[in-house]
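Protein chains: 2
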Amino acid sequence: MTPTPINLAQKFSLFSEQWVPKIIAKFEDYHFKLAKLEGDFVWHSHPESDEAFLVLGGSLRIDFRDGAVTLNAGEMLVVPKGVEHKPFAASECQVMVLVRAGTVNTGDAPESGLTSEADAWLVEE
Amino acid sequence: MTPTPINLAQKFSLFSEQWVPKIIAKFEDYHFKLAKLEGDFVWHSHPESDEAFLVLGGSLRIDFRDGAVTLNAGEMLVVPKGVEHKPFAASECQVMVLVRAGTVNTGDAPESGLTSEADAWLVEE
Chain A
0 MTPTPINLAQ KFSLFSEQWV PKIIAKFEDY HFKLAKLEGD FVWHSHPESD
50 EAFLVLGGSL RIDFRDGAVT LNAGEMLVVP KGVEHKPFAA SECQVMVLVR
100 AGTVNTGDAP ESGLTSEADA WLVEE
Chain B
0 MTPTPINLAQ KFSLFSEQWV PKIIAKFEDY HFKLAKLEGD FVWHSHPESD
50 EAFLVLGGSL RIDFRDGAVT LNAGEMLVVP KGVEHKPFAA SECQVMVLVR
100 AGTVNTGDAP ESGLTSEADA WLVEE
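These protein sequence lines are chains A and B, in that order. 13 is the number that numbering that gives the first Met the number 0 gives to position 14 of the first sequence; each next residue is one higher, with no gaps. 18 is the number that numbering that gives the first Met the number 0 gives to position 19 of the second sequence; each next residue is one higher, with no gaps.
Among the hints, a few may not be true.
Note that identical chains are pooled: a pair holds if it fits in a single copy or bridges any two copies.
As the list claims (entries may be wrong) - Straight-line distance between alpha carbons at most 30 Å, and here's what the computed DSS-like set of lysine-lysine pairs gives:
1) K80 <-> K10
2) K25 <-> K80
3) K85 <-> K35
If you're looking for bench data, these hints aren't it; they were derived computationally from the structure.
Construct the entire structure; sequences and hints are all you get.
As structure tokens, then:
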């Protein structure tokens, strides 16, 4: 069966919620997700999964306990499992994330209003 | 330790070989690789790994036994493990690939001039 191509800009046009990652593709035991981020997130880590971020629009700062990194569109980074980090975006940015299926966005931080369902697919309407 | 940001355009500027995937990041047991592709590749599959393609410049056609898909910049696709496919690019395209470490680009096809080392990191010079 021919796999379906995924147009990232078209997928981003389908939702506006911030901090709610949407699955767009399954890759083995992992998910590619899209998210729109703005403002400050919470410190957390994912003990069970590396997490890759690829910025597709805007800028994303990721704070680590020993420094901070700013990613602009076309830049990526892999956060190793267990490494504490805190995303921040001064204005809305668009990111693609790769993470193990079942991984909650707020990781090992206490559940909060920023916590979203781990495995929510982007709904096509 | 703060992870290193990866600028994809800068990484692409560091090599010109076609059909020679270069590792830019490790993600668990997988590698993110960049490649420049032009012309016709060989039919093959990867029995041991899904393979994700994200086109970052130009256009990539991927033929499957029951159809073909064209990916333009900003479009991606996941080829499930074991599914035969054949990439083709009429003019040079730039792609990012995610695949299990140790996966050879020509998969289960006979080794040929297109076969490149499985785990070659992009050399920074």
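Status of the hints after comparison with the structure:
Taking the shortest alpha-carbon separations for K80 and K10, both the intra-copy value of 27 Å and the inter-copy value of 24 Å come in at or below 30 Å. Proximity of K25 to K80 under the C-alpha cut-off of 30 Å is found in both arrangements, the shortest distances being 19 Å within a copy and 12 Å between copies. Taking identical chains as interchangeable, the C-alpha atoms of K85 and K35 lie at most 30 Å apart only when both belong to the same chain, with a minimum of 15 Å there against 34 Å between chains.
Hint compliance for this structure: no hint is broken.
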